[in-house]
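Undergrad: Read off the chains here:
Number of protein chains: 4
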Amino acid sequence: MDFEIPEKTRTTLEMIEEFVDKELTPLEYLFLNEPFRKVLPKIEEKRLRVKQMGLWAPGHAEKYGGMGLDLLDLALVSEALGGCPFGHFVFGCHAPDAGNIEVLHQHGTKAQKKKWLGPLVTGEIRSCFSMTEPEMPGSNPLMMETQAIKDGDDYVITGQKWYTTAADGAAVAVVMAVTNPEAPAHQRASMILVPTDTRGFERVRNIQVMGEAGEGFFSHSEILYQSCRVPQANRLGPEGHGFVIAQERLGPGRIHHCMRWLGICNRALDLMCSRAKARAMGDGVTLADKEIIQAWIAECAAEIRAARMLTLHTAWLIERHGWKAARQDISMIKFLVAGTLQKVIDRALQVHGGLGMTDDTVLAFFYRHERAARIYDGPDEVHKLSLARRILAEKS
Amino acid sequence: MDFEIPEKTRTTLEMIEEFVDKELTPLEYLFLNEPFRKVLPKIEEKRLRVKQMGLWAPGHAEKYGGMGLDLLDLALVSEALGGCPFGHFVFGCHAPDAGNIEVLHQHGTKAQKKKWLGPLVTGEIRSCFSMTEPEMPGSNPLMMETQAIKDGDDYVITGQKWYTTAADGAAVAVVMAVTNPEAPAHQRASMILVPTDTRGFERVRNIQVMGEAGEGFFSHSEILYQSCRVPQANRLGPEGHGFVIAQERLGPGRIHHCMRWLGICNRALDLMCSRAKARAMGDGVTLADKEIIQAWIAECAAEIRAARMLTLHTAWLIERHGWKAARQDISMIKFLVAGTLQKVIDRALQVHGGLGMTDDTVLAFFYRHERAARIYDGPDEVHKLSLARRILAEKS
Amino acid sequence: MDFEIPEKTRTTLEMIEEFVDKELTPLEYLFLNEPFRKVLPKIEEKRLRVKQMGLWAPGHAEKYGGMGLDLLDLALVSEALGGCPFGHFVFGCHAPDAGNIEVLHQHGTKAQKKKWLGPLVTGEIRSCFSMTEPEMPGSNPLMMETQAIKDGDDYVITGQKWYTTAADGAAVAVVMAVTNPEAPAHQRASMILVPTDTRGFERVRNIQVMGEAGEGFFSHSEILYQSCRVPQANRLGPEGHGFVIAQERLGPGRIHHCMRWLGICNRALDLMCSRAKARAMGDGVTLADKEIIQAWIAECAAEIRAARMLTLHTAWLIERHGWKAARQDISMIKFLVAGTLQKVIDRALQVHGGLGMTDDTVLAFFYRHERAARIYDGPDEVHKLSLARRILAEKS
Amino acid sequence: MDFEIPEKTRTTLEMIEEFVDKELTPLEYLFLNEPFRKVLPKIEEKRLRVKQMGLWAPGHAEKYGGMGLDLLDLALVSEALGGCPFGHFVFGCHAPDAGNIEVLHQHGTKAQKKKWLGPLVTGEIRSCFSMTEPEMPGSNPLMMETQAIKDGDDYVITGQKWYTTAADGAAVAVVMAVTNPEAPAHQRASMILVPTDTRGFERVRNIQVMGEAGEGFFSHSEILYQSCRVPQANRLGPEGHGFVIAQERLGPGRIHHCMRWLGICNRALDLMCSRAKARAMGDGVTLADKEIIQAWIAECAAEIRAARMLTLHTAWLIERHGWKAARQDISMIKFLVAGTLQKVIDRALQVHGGLGMTDDTVLAFFYRHERAARIYDGPDEVHKLSLARRILAEKS
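Residue numbers (the numbering used here), protein chains in the order written: chain A, 252 to 647; chain B, 252 to 647; chain C, 252 to 647; chain D, 252 to 647.
Among these hints, one or two may not hold up.
Treat identical chains as interchangeable: a pair holds within one or across any two.
[Said to hold, decoys possible] Subject to a maximum C-alpha distance of 30 Å in a straight line, what follows is the list of computed BS3-like cross-link-like pairs (lysine-lysine):
1) 361 to 259
2) 594 to 528
3) 273 to 365
4) 366 to 302
5) 541 to 259
Source of the hints: derived by calculation from the structure; they are not laboratory data.
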C-alpha cells in the first residue's frame, strides 16, 4: 500500500488551488448576489486563462483538448475545484457536460461525435441530461413514462421531465425515454440526443429551487416533450441500453460528486476556522478559544478525512478492478460523504452566526443548494437499502 | 396536575386552524414564488377578515383592540399560526411588533403610548427592533458600539446595526444604544424610539439572506445611524435599563418563537405524511410503507410532542411563578425546540425528494429561513452554557 | 392547564427522596460489589422501615396494605425511587410483582386472590412473569410455542421460556401459554398461575446477563415447562384473553418504567455534575469549567425534562381518558425515554473517566443493565413502526 | 497511490483469520461464562500452535522470535485478531506487553534487555504498565503524584496507581514516577522497571470493572508503591524522559488499538447480519428483511470502511513520514474509530434483542468493556481539543 500522491499530480493541484484562490474566490460575492449573467463574462475570461495554462477539461481525452487524467487524479482535481461554486465550470469539467461527453465518447457514432463532441469539450456549446420525471421516483426504472415511439426513421418523443440541469442555454439534450416498453425493466429505455431547437422540445420553466429560479448554466428546467421528432440515428448506443449506459456513468460520476463535496467541506472548514479566529468574544478571547467550537472543528476534520480516504480508495478500486468490484463502495461514499457535507456546512454556518445566514459568505449558498446532495443520484435511503442487501447476500 | 385545554381555548384554536387551512394556505404558492408585494393585498384582505372575526391581536390588551389572552392560551395560538409563514402577520401577533408593543405597554410614557401604541396594535403602522451589530457577538452586552450621546434635550445616535427585521416600511425603530458607557455592563444601554424618517436614520440595504433580500415586512435591514437626533423623551423606561427590559421581553418572546416553531413542525410532519402516502413506489406500495420513513415519522412525532409539553409547561411556569422561576426552562426550550425544528424540516424535505428542494411546497422556505432559529435570540451554544452554569451552581 | 403538583404528593415525594438518599444510597457499594444475598438482610430492614412509615406499596389498594395512589402520583414516586437500583424493591412496588398484583386484582378469582394477593402485596412471597421465549420475537404473538393443553380439570404446560425475571426464589409464576391454537392471533393464549414447586417447572439457569448471572430477585431465568400440570382454576381471566390482559397492563407498566428511567436520568445527571465539580484539572480549574461538559449537562437536562413532561402527560391521559386514548403517547415515551436514558448514562459515565467503568459508582451498573430498556416490552423499532402506522392512518 | 495489499500479507491474514475462526471462536463461550483460569490452559495450547505455525509475535523483531512485520502489515494483523477478545493474547502481540517490549527494545540497556526482553517476547513472563493515578486526570502530566526519590544507587518509589492492566500475575511493572519535580512539566517523570516481587509493591485489588474484577491477564489492578526500592539501573532511558518515551509509544499503540477496534466492528457486523438472517419474524420474513435493520447495516459498513481507510493511511504516514507528521491523524483515529466501535456494537446488540444482553454471544462483553475505548489513552474530548488547536494554529 502506498498513499503517496505523485509529484506531477501535486504540482497540478497546487496550480489549480492557487488559481481558485486568487482568480475565482474574488468573483464569488458577485456570483452570490447578482444574476448569473452579470458574472458570466468574467467567468468566461477565466476559462480562457485556464485553457492557456493547459488545465482545461482535465478528465477528457487529450485528442479532444483535455488533459486525459485518470480517475484518481481527476478525483483530486475535483476536490481542489469543489470549494468554489463555479470551479468545475471554469475548468471545463462540470456536470452534466462531463458525463454527456463521457457517454458520447464511449457510445457515440462517428457522426454523433463529429457533430457534438468537439464543441462540448471546448465549451463552445453546452448540453443537458433529461432523465428525472416529476411524478415518478427516480430510483425505479419501471416507472418511467416518457416514450420514444418509432415512426419511419425517427423517434417521436412524448413526456415530461424536470430537474433537467443546465437546459437553459443548452444546445442539445440527452433524453432517457422508453423505446421498448415490453422488455425487462432495465432494458426498456434508450438515450437519445435531442437538439434543443427541435420542434416539440419545450422548456416550460426554470424550476424555483430554494428561492431561486436561476438562469443559464445554473438552473434546473422542467421540459415538455410534445411529439418531439428526431432521427433514430440520434440514439446513443444500442436500443434498450439506456439504463446500462447510465449505470456505467454512475461510478465515476459519483467519485466526481463526492470529491466536489469534499472540496466544499474543506472550504467550509477553512471558513469555520478563520471566522472563529477573527470573532472577538470580549476579554481577549475569540470564538476559536471556545471548546464547543474546537470540538466541532476536530469532528469535522476527522470525518472529512475519513470520507476522503474512502472516496479515493473507491476511485482506485474502479480504476484498478472495475466498477462492479467497487459497487458497494460507490453506494457507501454516496451517503457517507453527503452526510458529512451537510454536517460540516451546518456547523460552519452556525459558527458564522447571523453572518452565516447572509450571502456575504458562500456558506448559505452551499447550505441551501447542497441539501440536494442527499437526494440526487438516488436518495441516501435507496443506497443504504441496496448496499445492505448486497452485504447480506454475501454473508450467507 | 391537569393537562386539559379549556373548551373556550379549544374553540378559538379550531377557528384559527380552519382559517389558516382554508384562507391562508392557498396563498402560500404565491408568497413563495413572487415578491412579497404581489401577495400583500390578498394578505391585507385576510387581516380584515380576522379583525371581523374578533381574532385580531390575540396577545394584546382588549382595550387596544386585542383579545387579551394569557401566555398559555397565546402559546397555543402561536402554534396554530406557525405552520403558515405569514400566519402571525395576518393575525396581528407578529414579531417584532408584538414585542415592541409589549415594551411600550409596560414602559412607555403616556405620550409615547398615545402616539405609537394604537396604530401598532391595529397594524396601521409597523415597527422594528434595532439591536444586533455586525461586528459584535449579540450575546455580550459589553461589546455594543452604538452610542446615544446627550445633547441638550436630545440623544444623538451613532452606530451601525444589522438584522433589523422588518425595518423596510417600518414607521418607528426601537434602538438599543449605549447611554451610560461607564456603568456596569448590563446598565449601559437604553432603548430609544426613533421614527424612521428621522434625519440620520439610513437603511443601507436589505441584507440578502439565503439568496433573498426580501422586501417590506419580510426583510432584514442594515441600518446606519449617523448623528441621528431624537428627543430624550423618546427613551423607553429609565436610563440604562435597556438590557433589563430586553430580558423581561425574552421569556414570553421565547415561548412565542418556540410555539411557532412547533407549529412549523406540525405542518412539516403533516406534509411528510401526506407526501409519503401519495408517492407511489411501484407494486402498489407507497413511500408510507417504507419502514425508514415510518421510523422518521415516529421519531419526529415523539420529539415534537415532548418539546411541546416542555414549552407549555414553561409558559405555565412564567405565568404562575414568574420568569425568574422559569429561567432554566426558557433556555432549555430555546435549543431543544430549535433542534427538533431543524430535524423535522430536514426529514420532511428528504421525504419529498427533488420536490422538497423546490418552492412548490413551503418546506424549502422553512428549511432555509428557519435555519436561523438556532442562531437568533442567542445561539444554542450560549444558552447551553448559561443553563449548565445555573444547574451546576444549584447542585453545589 | 395546571402543572402544579399537589402539596400532599410533594410531601410524600420529599419523604421518599430523603429516605433513598440517607438510607438506600449508602448500601449501593455493597449491592454493586457483592452477591445480592450479602446486602439482602440490610435491604429487608429498610423494607420494614418503609412499612412503618406508611410508604409501602404506593400503587396498590389500601385494603391490601398499599397507599392507593393514582397513576400520576405513582409515576412521581417511581421517578423518586428510580435512581437507586433497589429503590422500588424496598418500597414494594417492583416489577414483576407490581404488574402481577395488578392482574390478580383485576382478573383473579376470589380463591386466587385469597391465596396470592395478600402475601404478594406485603412482600412475603415473590412472583415472576413467564412470557418471552428464546427462539421467538416477543413482538409477534403468533409465534408463541409454549402450549397449555387441557387434560381433565388441568392444564399440562410444555415449552421453554427465558428472561423470566426474578424467578429465582419466586413462589408463583404467571405463565403465558397457547390454550387455543386455532383462534385468531391475539386470542390464542391465556395467563396461568403456576406455583414454582409444581413438578415439571424447571428453572434451568439464571441467564448470565452482561457478565452476571445474578441471584434471587436480581436475576433472569430460563425455565423449562415439562408436562407441568396445574388446575384449570389457575387460569387468570377468560380463556384466550392472555394478550388482552397483557396489553391492559402495558400502559401503566410503561409509565412506571419510564418514570423509573427518568429517576435514573436524574441520578446520573447529579453524579455527572458532582464529579465535574470535584475533578481538578490543574490551574484551579475543574471539569465543570469545561464547555464540552457544560454542553452535555445542558442537553441532558433539557431532554430529561421534556421526556418527563411527556411521560407525565401520558400518565394523565391514561388516568383521565383511558389507555386507548393514550396509545400513541405510550409508544412515544417507550422509545423516547429509553433513548434519553442511554444518552444520559453514557455521558455521565464519560465524565467519570476510568472511574465510570468501575463499580465504585452506580453508573456502570446502569450502563450495562439498562441497555435492555431499548429492548424489553417491545424493542424501540417495533414501537416506532406501530406508532407511525397509527399516525399515518389518522392523517388520511 | 496504490491501495493493493501485498500477496504475502494477504496469505498471512488468511491464515490468521482461519485460525481465529476455527480454533479461537469455539473457546469464546467458555471465556465469557467462566473465570479466566478455566479457559487459560486451552488458550496456552493455541499459543503453542501459533508458535509452531510461525505466526507468533508478529510485530516484534525476528531475532527475538517475532515476525518483524512493519506497522502497516501489523495493523492488518491487529484487525484480523481483534474480533476475538483473546486473539492478540494468543498471537503474542497483546497490550501492555507489546508496548513494554517496544520500549525495552528502543530504550533498554543491554542488561535490561538480557533479563526481560527474551521472556517477554516468548510469553514466558508478563509485564504491566503502571501510569494512571486514581485522583489525577491522566491527560495532565503535571498532576502525577507518584514519586521516585534517589537514595544511594536506588530509587524509592511511593505512590498509588490504578488501572494497571494485567498486573495480576505479571513479573515486572514499568512504572511512571516523578524523578525530577523541578523540571518543566513534560520532563519530570521517568519510566522504571519494578519486579512485582519487590518489597513495597502491593497489588491492593483487581478493580471491579463493569461487574467483573477479572483475574490474571484479564484484570486491572490498583497498586500501592510503599517505599518500593529498586536500583537506578532499572530506569528506562534518560532521567526525565518518561513522557517522551510514552509519547513515541502512543502513535503505533493507537494504530494497534484502532485496528483491533475495527476487528471488533467487523465481528459485530458479521454477527448482526447472521442474526438478522436467522431471526424469523413470521410470514416467511426475517429480521434481515426489515428496512431499519438494513439501514443500520449499511451505515455501519460505510463508517467502518471509512474509519479503516483513515487508520491504514495513518499507519502508512507514521511508517513513511514519522509520527510527528501523523500527529493530527493519530488524534483523529482515536475518537473516530472509538465512536464507530460504540455505534456498531450498540446496533449489533440491538439486533440480537434479549439475546444480545446475555453472555451467549460476545457482544455484551464488547459492549461493556470496550466502552472504555472512548476513555483510555486520553478521552475523546482531550483529543478533539488538542487536534482542533493544531488545526487552528495551522490555518493562521
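Undergrad: Output the numbers, in ascending order, of every earlier hint that fails for this structure.
TA: Hints 1, 3 and 5 contradicted; others consistent.
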